[in-house]
Amino acid sequence: MIQAFLLFLFAGVAEIGGGYLIWLAIREGKPLSWGIAGGFALALYGVIATFQSFPSFGRVYAAYGGVFIILSVLWGWGVDRKTPDLYDWIGAGICIIGVCVMLFAPRQ
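Per our numbering, the sequence shown starts with residue 1, numbered consecutively.
Just so you know, these hints were derived from the structure itself, not from any lab.
Ideal placement from N, C-alpha and C gives every residue a C-beta, glycine not left out.
Any given hint could turn out to be false.
What follows is a set of in silico ranges between Cβ atoms, one per label pair, in the way DEER data are often shown [what the hints assert, rightly or not]: (1) I94 with Y61: 23 to 31 Å; (2) W77 with I97: 14 to 22 Å; (3) K30 with I96: 29 to 37 Å; (4) I26 with I2: 31 to 39 Å; (5) G39 with T83: 27 to 35 Å; (6) E28 with T50: 29 to 37 Å; (7) G78 with C100: 18 to 26 Å; (8) G29 with A105: 43 to 51 Å.
Throw the hints in and build the complete structure from the sequences for me.
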């Protein structure tokens, strides 16, 4: 379970960081090299996610969506300095519950 968590974390940072670098390059006039680095980070995200041990692509990516939401809230708070409000935290909590149900529910 620790490995799954770390892979979700690394993949999330690669995806959010990559998207953020592209955002900065296009929307805020940062150098083109930032956008290119963001593209590489997004590609790295795709590679990292393949190391998950869960057998279903769809399930891994759907669960990752919940993790992505939580990491996005934390990224906005830590990097963009936008303090999440109560509803951001409630939504993130709902998402993490959904991720746990999807990944760890007993299946046959």
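Honestly, do G39 and T83 meet the 27 to 35 Å range at C-beta?
holds (30 Å)
Starting from the hint 18 to 26 Å, judge whether the C-beta atoms of G78 and C100 obey it.
Given a distance of about 23 Å, which is inside 18 to 26 Å, the answer is holds.
23 to 31 Å was suggested as the range; check whether the CB atoms of I94 and Y61 agree with it.
violated (18 Å)
The hint says 14 to 22 Å between W77 and I97; measuring C-beta to C-beta, is that right?
With a Cβ separation near 20 Å, W77 and I97 satisfy 14 to 22 Å, so the hint holds.
Please test the hint of 29 to 37 Å on the beta carbon pair from E28 and T50.
holds (31 Å)
In this structure, is the beta-carbon distance linking G29 and A105 contained in 43 to 51 Å?
At roughly 46 Å between Cβ atoms, A105 and G29 fall inside 43 to 51 Å, so the hint holds.
Range hint 31 to 39 Å: satisfied by the CB atoms of I26 and I2?
holds (36 Å)
Pairwise beta carbon distance, K30 to I96, judged against the given window 29 to 37 Å
holds (32 Å)
Taken one by one, the earlier hints fail for this structure only at number 1.
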